[in-house]
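Chains as they are written, first to last, in UniProt numbering: chain A, 1 to 171; chain B, 1 to 657.
Treat the hints as calculated values from the structure; they're not laboratory data. Even glycine gets a Cβ: it sits at the ideal position worked out from N, Cα and C. Hints should not be assumed to be uniformly reliable.
[Claimed, not checked] If you want the footprint, here are the derived chain A segments under chain B, 3+ residues with CB under 8 Å: (1) 37-50; (2) 71-81; (3) 103-116.
[Unchecked claim] Chain B stretches covered by chain A per the calculated footprint, using a threshold of three residues with CB under 8 Å from any CB of chain A: (4) 29-43; (5) 437-450; (6) 614-621.
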Amino acid sequence: MNEQASTASAASDEAAQYLTVNLGNEEYGVDILAVREIRGWTPVTRIPQAPSYVLGVLNLRGAIVPVLDLRLRFGLAREEYTATTVCVIVMVAGRQFGVVVDAVSDVVDVSPGGIRPVPDMGTTVDTEYLKGLTSVGERMVLLLDVDRLLQPQDAQMLEAALASSDVKAVA
Amino acid sequence: MSKVDLAQFHKAFHEESLDGLDAMEQALLALDEGAEDPELINVVFRAAHSIKGGAATFGFTDVAAFTHVAENLMDEVRSGRRPMEKAVVELLLRSGDTVRDMLALSMAGQPAATAESQALLAELSAMVSGGTAAVPAAAKAAAPAETIEGWDIAFRPFDYLLKTGNDPARMFRELGALGPLRVECDAGKLPALADMDASSSYLGWTLHLDAGAKRAAVEGVFDWVDGDCDLTLTPRVAAPAPAAPAAAPAAPSAPRAVRDVATNSEASSVRVGIEKIDTLINLVGELVITQSMLSQFHDGVDASQLEMLRHGLAQLARHTRELQESVMSIRMLPISTVFNRFPRLVRDLAQKLDKKVVLDLRGETTELDKTVLEKIGDPLVHLVRNAIDHGLEVPAKRLAAGKGDTGTLRMEAFHRGGSIVVEVADDGAGLNRDAIVAKAVQRGIIASGDGMSDDAVAELIFEAGFSTAAATTDLSGRGVGMDVVRRNVMDLGGTVGIRSTQGSGTTFTITLPLTLAIIDGLTAAVGEETYIVPLVSIVESVQVKPDAVRSVVGGGELFRFRDQWLPIVRLFDVFGCEGRRRSVDEGIVIVVEGEGTRIGLFVDELIGQQQAVVKSLEANYRRVAGISGATILADGSVALIADVTGLVRMQGRRKAA
Numbered sequence: 001m002n003e004q005a006s007t008a009s010a011a012s013d014e015a016a017q018y019l020t021v022n023l024g025n026e027e028y029g030v031d032i033l034a035v036r037e038i039r040g041w042t043p044v045t046r047i048p049q050a051p052s053y054v055l056g057v058l059n060l061r062g063a064i065v066p067v068l069d070l071r072l073r074f075g076l077a078r079e080e081y082t083a084t085t086v087c088v089i090v091m092v093a094g095r096q097f098g099v100v101v102d103a104v105s106d107v108v109d110v111s112p113g114g115i116r117p118v119p120d121m122g123t124t125v126d127t128e129y130l131k132g133l134t135s136v137g138e139r140m141v142l143l144l145d146v147d148r149l150l151q152p153q154d155a156q157m158l159e160a161a162l163a164s165s166d167v168k169a170v171a
Numbered sequence: 001m002s003k004v005d006l007a008q009f010h011k012a013f014h015e016e017s018l019d020g021l022d023a024m025e026q027a028l029l030a031l032d033e034g035a036e037d038p039e040l041i042n043v044v045f046r047a048a049h050s051i052k053g054g055a056a057t058f059g060f061t062d063v064a065a066f067t068h069v070a071e072n073l074m075d076e077v078r079s080g081r082r083p084m085e086k087a088v089v090e091l092l093l094r095s096g097d098t099v100r101d102m103l104a105l106s107m108a109g110q111p112a113a114t115a116e117s118q119a120l121l122a123e124l125s126a127m128v129s130g131g132t133a134a135v136p137a138a139a140k141a142a143a144p145a146e147t148i149e150g151w152d153i154a155f156r157p158f159d160y161l162l163k164t165g166n167d168p169a170r171m172f173r174e175l176g177a178l179g180p181l182r183v184e185c186d187a188g189k190l191p192a193l194a195d196m197d198a199s200s201s202y203l204g205w206t207l208h209l210d211a212g213a214k215r216a217a218v219e220g221v222f223d224w225v226d227g228d229c230d231l232t233l234t235p236r237v238a239a240p241a242p243a244a245p246a247a248a249p250a251a252p253s254a255p256r257a258v259r260d261v262a263t264n265s266e267a268s269s270v271r272v273g274i275e276k277i278d279t280l281i282n283l284v285g286e287l288v289i290t291q292s293m294l295s296q297f298h299d300g301v302d303a304s305q306l307e308m309l310r311h312g313l314a315q316l317a318r319h320t321r322e323l324q325e326s327v328m329s330i331r332m333l334p335i336s337t338v339f340n341r342f343p344r345l346v347r348d349l350a351q352k353l354d355k356k357v358v359l360d361l362r363g364e365t366t367e368l369d370k371t372v373l374e375k376i377g378d379p380l381v382h383l384v385r386n387a388i389d390h391g392l393e394v395p396a397k398r399l400a401a402g403k404g405d406t407g408t409l410r411m412e413a414f415h416r417g418g419s420i421v422v423e424v425a426d427d428g429a430g431l432n433r434d435a436i437v438a439k440a441v442q443r444g445i446i447a448s449g450d451g452m453s454d455d456a457v458a459e460l461i462f463e464a465g466f467s468t469a470a471a472t473t474d475l476s477g478r479g480v481g482m483d484v485v486r487r488n489v490m491d492l493g494g495t496v497g498i499r500s501t502q503g504s505g506t507t508f509t510i511t512l513p514l515t516l517a518i519i520d521g522l523t524a525a526v527g528e529e530t531y532i533v534p535l536v537s538i539v540e541s542v543q544v545k546p547d548a549v550r551s552v553v554g555g556g557e558l559f560r561f562r563d564q565w566l567p568i569v570r571l572f573d574v575f576g577c578e579g580r581r582r583s584v585d586e587g588i589v590i591v592v593e594g595e596g597t598r599i600g601l602f603v604d605e606l607i608g609q610q611q612a613v614v615k616s617l618e619a620n621y622r623r624v625a626g627i628s629g630a631t632i633l634a635d636g637s638v639a640l641i642a643d644v645t646g647l648v649r650m651q652g653r654r655k656a657a
C-alpha cells in the first residue's frame, strides 16, 4: 500500500509508464515509449541461419520486421501459440522488431525511485536483460531492458560465429 | 536590401551553377576540338555571367569576383578581341574546376577564396587585357594594404538599361548612402527632342564618391546592371601609388593534376521532367475515378452488376501497373549524366600521357535507375583510365603497328533484354596474354596457362590477388583494381565481361539491371517456405534423372547439364529448413549463374514468375548469407530473395573446405 502511494505521488513528473506482459508466471515491464504496436500472433517467414529465438520476419505495412520469442530468448520452454499469444512491436534505436509473449496485461506507472536493482537471485532469466524490478500492489514486475534484446554486438557476434560455421554447417 | 531569407535559394543556386558549369565545360571541350560556333562561346559566357550574378546576389563575393574576371575574358573572345586559343580554353577549364570547388566551399559556409583560386585569378587577370574593372580584384589580393580615399566611377548605361527595370537614380541613392557623392552628368549623346525615345537612356554619368568604401560595396550597387553598361571603377588611393594592377601575376601554377572526376558530388535530388509529373497526376486522377466507381459496390453486388465490377477491377489493375511504371520512370535518368564527365577526363588524360584519343560516346539517352547511375560512375572511370593509360599506345607505337596515330575509345550504352549494357572499348594493344599468364602463375592463381582460351586468360585480371601496385610496372597489360570494378558492378546486380585481341584492342562489357527496386523473379517452394530466385541469374530449370547424378568424395553431388557437370545445392540444406522432397528426381533443379560459375539449386517445385519489390532485411535485422533481401507476396506474407552470387560463393567455400 505504502509503495502504491509513493508511486502515485511521483507519477506527476518523473514516472515512466510500462506495458506489462506475461511470460509463464512472471510479469515483465516494457518501456511504453518503445512500444509501437500490439498485434496478435501471425505466422512469420523463417530466416536462415538465425538464432533459435528469432522466429522469422513479418510484413509490417511494407517493412520487413524480425520477430523474436521472449521465452526462447530467456531460455524458457517454448509454448504453443494460442489466441492470447501476442506480438509486441518495439522500436529501439531506429530498428523495429517484434517480441512474442504469452499475453499483455496492464500499463503501470513506475517512478524512478520505485525501481530497485535486480538481486542476484535464482530467476529463470539472465539478469543482463533487466533494468530492475518494481512492485505494483502485490505483484512484482521485472523491467526489461529492451535495447539489449536484439543488441548490435549480439548480432555481430552471431555474424562472426555464423561466418565460421557456414562452411561446417553445409558441408 | 530586403528581408527575404536568401538562404532558401542557396541550394537551387548551387545546382543551377553546377548545371551551368557542366554546360560550360562541354562547350569548352567542343571549342577545344576546333568547333567554331559562336553560340558555344555564348554558352560559356552566359554560364559565367549567371553564376557571377547569382553569387553576388547571395553574397558569395569571392565566387562573384572570380567569375567576373572569367566573364571578362569570355567577353573579349565573344566580341572578337581575342581568338579562342588553346591557352584560353585550358585556363577556362581550370577556372570551371575552381569555381566548382569554390561553390562547394561557399555552400559549406566557408570562405571560398583559397590560395589556388587566388593564383588562378591572377592568371586570368593577367590574360584579360586592359580590363580595369577586373584587374584590381587581383591587385587587391596582391596589395591588401592599400587605403582607398574614394572612387571615381564612369557609368555609361547602354540605351536599353531602363527596359531592364533598372533605375540609375535609385543606384545613385544607394551610392550616396556609402558617403558624400558628386554626380556629373554627360548629356553628350542626348538626341534632339523629336528623335528621343522616352524608354531609352541616353545619359552617362561620372560619379565621385568621397569615401573609402569597400570595392565590393561599390560593385554591389552595379550588380544588376552588369553587362548592360560600360562601367569603370577607379579607386583614388592615398599617397603611395598602388602596385601596378597588372603587375606580377603569380607564376603560372603548374598544370593541375588530372582532375578526379569521380569526386563530383552525387546530387541527392532528382530533377523530373514536367511531362512525367503530368502523367502521374493523370494516372492518379484515373485511379480516383476507378476507386469511386468501385466504391458503389460497398453494399454487395448483385448478379447484374458483375460485369461492371469485373470491368472496374480490370481498370484498377491497369492503372496500378501504369502508375508503378510511371513512378519507376521518375528514378530513371539518361546515362549522359554519367557519360558527360568523360570528354574532360579523356582530354586531360590524353594530354598528360601524350596520346591522341578520340572519345566516341553512343547511346547517351539510354535511361538507367538513378541509384545504379550514381554507382556506375567510379567503375567506368576506372575502365577509361585503364584503357587510356595501359590500353591505347602512344602515336609512334600506333604508327609502327600500322594503325592511325589517334586511338579511339568508344563508350556505348544500350538495352539488351531486361538489362542495360555499357561497353568501354579501345582499339589499343589489347591484353598481353603471356604477361598475364606469367603473373597469374607467379601469384598462384593458376598452375599454368596451357590450354586456356584467350577469354579465360583475360578473365584472370578480375581475380582479387591479381591487382597489386607492382602489376602496373611488371605487366604491360591492365589489371589495376579490376577486382574492385567487378565487385562494384556485382553489388549493383550486374556483371563485367572482357574481350581482348592482342594488337587490336580490348572491350569491357558491363551488364546492369534496369533498376534495383524491382526484380523479376521465379518463385520456388521449399517445404513450407517460398523463395524468390532472380530471373536474370537463371539459366534454365530442369528435372534431373537419377542416372545423371554423381556423388563425389566429401558428400557433394554433381549432375550433368549439357556438357558440364554442375554441383547441386539443396536450398533446404543451405537455408536450414525442411524440404519435402529430398531425392533429386522428385524436385526441380534451377540452374543459376553467378560470377561466371553455374550451380544447380534444388527446390521442391516452381510456383511461378512474378515481379518482386525488393525490401531490405538489414533495415531492421541484419544481412543473411545467401539472401539478398525480402519481398511481400500477394497474400501479405514475406518471401526471401535468394542471393545467387552469395550462394555460388558459399558453394565455392564449401568445395574449398
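Evaluation of the provided hints:
1. 37-50: holds (count 8)
2. 71-81: Per the Cβ count (0), the hint is violated.
3. 103-116: violated (count 0)
4. 29-43: violated (count 0)
5. 437-450: violated (count 0)
6. 614-621: Per the Cβ count (6), the hint holds.
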